[in-house]
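Starting from the known structure of chain A, fit chain B onto it as the hints suggest.
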Amino acid sequence: AQKVTQAQTEISVVEKEDVTLDCVYETRDTTYYLFWYKQPPSGELVFLIRRNSFDEQNEISGRYSWNFQKSTSSFNFTITASQVVDSAVYFCALSGANTGANSKLTFGKGITLSVRP
Amino acid sequence: GAGVSQSPSNKVTEKGKDVELRCDPISGHTALYWYRQSLGQGLEFLIYFQGNSAPDKSGLPSDRFSAERTGGSVSTLTIQRTQQEDSAVYLCASSSGGVGGANVLTFGAGSRLTVL
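One line per chain: the protein sequences are A and B, in this order.
Under the numbering used here, the first residue of the first sequence is numbered -18, with each subsequent residue one higher.
Under the numbering used here, the first residue of the second sequence is numbered 434, with each subsequent residue one higher.
In isolation and in its complexed conformation, chain A is listed as follows:
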């Protein structure tokens, strides 16, 4: 069975602070995909990033960066110089590569990030 754990439930920071959202996953698959989605107050989930299990390079996109470490089964997400518009619920998700049950996305419970001006 696949599992995604987002131990942090709510984080509150002041604008311009850096913040890291943790994600730990469990899977028996050797090939799998990890995702982060953002759910702003409007409710619609927005895709942020997909990473496959063979690519452990960290990725940076503007103020966003992701740290994938297979050794600790973690896929953490850092927002640098946070802004009020970053306030949202952030979900980490996992899927297997093949067809069948594991090809569906398994989500963590989400982290509510509040950025105060």
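Since the hints were made in silico from the structure, they are not lab data.
Zero decoy hints are in this set.
Taking lysine-lysine and the DSS-like style, the derived pairs with C-alpha atoms no more than 25 Å apart in a straight line are:
1) 444(B) - 90(A)
2) 19(A) - -3(A)
3) 90(A) - 51(A)
4) 90(A) - 490(B)
5) 51(A) - -16(A)
6) 490(B) - -16(A)
7) 450(B) - 490(B)
Just so it is clear, the structure is predicted and the values come from calculations on it, not from any experiment.
This is chain B only, laid out in the frame that chain A set:
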């Protein structure tokens, strides 16, 4: 359409009534998913349609829940004899890829169901 469209956006119903929730995926997307989001519970998988294959219904919580996808496009999620624990946001998503877990899902805004 440009995005995944869901209707109604809000539905309030009485316990015991049936409800239908509609999802119109992105044109050309072969895969369609329904998820349920309850307060503090993350997203729970309900059902998955891929092309003309038999749907994966493994996430449906009870036989009161069913879903159809007509003509490989629009999908309807039906909840019969609604219970208060059915209150949640029901999210639909679609993707363009073939089978497999690499697909990026595009989500709709959801249908918020409240059962009184």
